[in-house]
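Colleague: Chain residues, written in single-letter form:
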Amino acid sequence: MDTVYLVKIGEILLKLGNRKEFEARLKADLKRRLEGKAARIDYRPGRIFIEARPGAEGDVEAILARVPGINGFARAYRVEKTPEAVFEAAVAVAREAASAGKRRFKAESRRSDKSFPLTSYELSRDIGAAATDALPELVVDLHTPEFIINAEIRERAFVYGDTVHGTRGLPVGSQGRGLLLLSGGIDSPVAGWLMASRGLGLDAVYYHAYPYTSQEAHDKVVSLARIVAGYTGGMNLWTVSFTEIQMRIKQLAREDLTTLMMRAAMMEAATLLAARIGANSLVTGESLGQVASQTVENLRFTGSFTDLPVFRPLIGMDKEETVGMARHIGSFETSILPYEDCCVLFSPKHPMLRADLARERKAYADIGLGPLIEEAVNKVERLPIPFQVTRP
Amino acid sequence: MIYLDWASTSPPDEAILQESAALAVRFFGNPSSRHGLGAEASGRLEEARARLLRSLGGGRAAELRPAQGRIVFTSGGSEADAIALLAMLRRKDTRRGPAPHIVVSAIEHSAVYEEARLLEGMGMAVSYVNPGPDGIVSPGEVASALRKDTALVAIMAVNNETGAIQPLAGIGSALREASAALGRHEPPFFHSDAVQALGKVSFDPEALGLSSAAFSAHKLRGPRGTGALWLGAKLEPLVLGGGQEEGLRPGTENLQGDWAFSLAAEKSRTSLEARRAHARELEARLMAGLSSIEGALALPLGRAAGDERYSPFILSVAFPGLSGEVLARALSDAGIAVSTGAACSSRGNKKGRRILEAMGLRPDIAFSAIRVSTGDLTGEADIDAFLEEARSAYRKLKI
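Taken in order, these protein sequences are the chains called Z and V. The first sequence begins at 1 in this note's numbering and counts up by one. The second sequence begins at 393 in this note's numbering and counts up by one.
Warning: the hint list may mix true and false statements.
Here are some, though not all, of the chain Z residues that point toward chain V, as calculated from beta-carbon distances under 7 Å [what the hints assert, rightly or not]: (1) TYR43; (2) PRO211; (3) LYS250.
Straight-line C-alpha distance at most 35 Å; calculated DSBU-like pairs for lysine-lysine [unchecked claim]: (4) LYS788/V with LYS362/Z; (5) LYS20/Z with LYS31/Z; (6) LYS250/Z with LYS540/V; (7) LYS790/V with LYS362/Z; (8) LYS349/Z with LYS379/Z; (9) LYS379/Z with LYS788/V.
The calculated label-pair distances, taken between Cβ atoms and stated as ranges, are [stated by the list, open to error]: (10) GLY713/V with VAL389/Z: 57 to 63 Å; (11) GLY639/V with ARG53/Z: 55 to 61 Å; (12) GLY368/Z with GLU673/V: 34 to 40 Å; (13) GLY687/V with ARG300/Z: 37 to 43 Å; (14) GLU333/Z with SER683/V: 45 to 51 Å; (15) GLU333/Z with GLY617/V: 40 to 46 Å.
To be clear, the hints were calculated from the coordinates, so they are not data collected in a lab. All C-beta atoms, glycine included, are put in the ideal place defined by N, C-alpha and C.
Chain Z on its own, in the form it takes in the complex (with noise of 0.2 Å):
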């Protein structure tokens, strides 16, 4: 009686044209990600086993939890395809499950091996005569079962309790790549998150103000996107230095429009840069209304500095959803370290709520920012962050 990894792909299936290559983009993500930690993986219609190395079984874990375009996936017993085996599995699942202190639960089957002995109707009901008379402290219970034994009579019998959830969504990368406005905050991280489980392959850029901004707020940022590449398998952080694009906002500006030209200035070097390195758009965290700069019509002009698709995948969330979401990728504790990464002197205390395109969009033109842009994307940085298993 073996473990293996039985994992479920979701929304791949439902794909009729293309599914092979979703399907070759997960298995080619599972490889390179699972590199030296599995054993063996086998493809196999809507399912995917995995024998992890002896040792490795955390790592295997952490990393099927991530990846997406996996919807869930459950340690199997893979057994020999008679009841006796099966029941033999159950049981040892069984028992796990009530030394955790668990007592309601139900068996569940499916049979693609229609050569089986038991209808999968029969399965279950000796499953659950076979837990109960091992364990007679366990009930069944059909609507609320604390724990389900799940039994799958395949090119082998896998037996298997709950299954843990995974990423879902598409495989990284299906969607073309995005680049990510990364800032030392809570949200961006978490936007970069859910577009990398929408099948975005993502970059992310990062702007520096140094000195106004610290190094320790770089370094921030630098492992915020540790964590993002956890998912996406790894990316580039790109740096561009805001340095003088910030002063001459500053000198040149309207006071209470300063914080609007900066994020117009942002879409602008995003654009250029996402053309130079095959991004096809931009991802940030902004959410409706949070701030001043995000209000509909401070959206409609930032957004009007890039032609490309904008993602917001944060824009209806409330800050508590996204704290949580935060908390889950396992964010949250490195985005809230006090470094702040823009600095107050040049926050408007009373900034524009609610810009008009054609008149702001003149006084931005104004300022003359284009070859301080051109210049700072032509100087970014590129760190490279390759792929590496994160436990939050």
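Since the structure of chain Z is provided, determine the placement of chain V on it from the hints.
Modeller: Positioned in the frame of chain Z, the structure of chain V alone reads:
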């Protein structure tokens, strides 16, 4: 690196460190042991204690009189402060339990301020006395915070950001008067964090009317990990153990550190007049230079060179329109070390501005301040280099 951050820490005196390391190797016995090795070590420890006490006493450098009171060696200034403040949890001033009320200044170092906040959180009433705009806490303000049930008053000797010397003698006598007026049996326990005073200004705890005072060795070219609590009154320990250091600081004594501390304190005491005169010259040079940088402000506003109310070793300077943190970063890149607020509390939070804001400084000015602090090895060229770099960084980065 041009080092202008002596109030954070000072370069250790190598000869002193070597002497005390050799001593610790030779007299390695546990001072509490009954055998000969223990007695030898204990003898050296008491020698160090007496030397430190002598460095606190009054008199001219040539003929130091030992101070009254006792010395309890600690692991540093913070621990010395903590022993005094946390002892209030064992004061049975009322039948109901610990001391009901304490008074501290709003400009205390975190070692006192955070302990006071802790005691407050545990149910003790705490009054925080603000300084005037000059950074100085007035005796009248402290005395008017006194209550009949006040167990402790803690006022620092020299502020670590502004260099303001607090009028401890005046506060002590105001407390005695107010105590009598309130019909108290005796004045409250009077503690002072004197970490920036020892070796920098004349400081005789007994003459100032203190009950206890906290010191740290590494501010005066001694080693880290060593400090002392001077005691003129009785305290109950909160940390218990083997009974060392009057039971107030249990744990096997650190002969190496304590020996080095006593030597450093003695050296700084005997050279005090000369070093202070040197610091005054540097202060004058610094302030003259600052006055030619348009916009720069010496703090507290109104402080002039040679003002005896301030330690000449410490000067805060505001550069309005430029965050102090940013300027410190730019100066660091140019090879000059200064600090923003207290180095140990400025790491990424806004607490470092607590002291300047308690003085009523506008937040944007407080925010733009850096602290320049000098020491024995600082020369005029260092001040000139700082002035030049600060001038150019301010011009370039001001927004």
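Colleague: All hints are to be evaluated individually against the structure, with a verdict given for each.
Modeller: These are the hints, each one checked on the structure:
1. TYR43: Since the shortest Cβ distance to chain V is 48 Å, the answer is violated.
2. PRO211: PRO211/Z check passes; min Cβ-Cβ to chain V is 4 Å, inside 7 Å.
3. LYS250: Status holds, d = 5 Å.
4. LYS788/V with LYS362/Z: 28 Å, holds
5. LYS20/Z with LYS31/Z: 16 Å, holds
6. LYS250/Z with LYS540/V: Measuring from Cα to Cα gives roughly 55 Å; hence the hint is violated.
7. LYS790/V with LYS362/Z: 26 Å, holds
8. LYS349/Z with LYS379/Z: The given pair, whose Cα atoms are some 32 Å apart, holds under the 35 Å limit.
9. LYS379/Z with LYS788/V: Since the Cα atoms of LYS379/Z and LYS788/V sit roughly 21 Å apart, the hinted pair holds (cutoff 35 Å).
10. GLY713/V with VAL389/Z: 57 to 63 Å: 46 Å, violated
11. GLY639/V with ARG53/Z: 55 to 61 Å: Distance hint for GLY639/V, ARG53/Z holds at roughly 58 Å.
12. GLY368/Z with GLU673/V: 34 to 40 Å: 49 Å, violated
13. GLY687/V with ARG300/Z: 37 to 43 Å: 39 Å, holds
14. GLU333/Z with SER683/V: 45 to 51 Å: With a Cβ separation near 46 Å, GLU333/Z and SER683/V satisfy 45 to 51 Å, so the hint holds.
15. GLU333/Z with GLY617/V: 40 to 46 Å: 30 Å, violated
Of the numbered hints given earlier, the model fails hints 1, 6, 10, 12, 15; all others are met.
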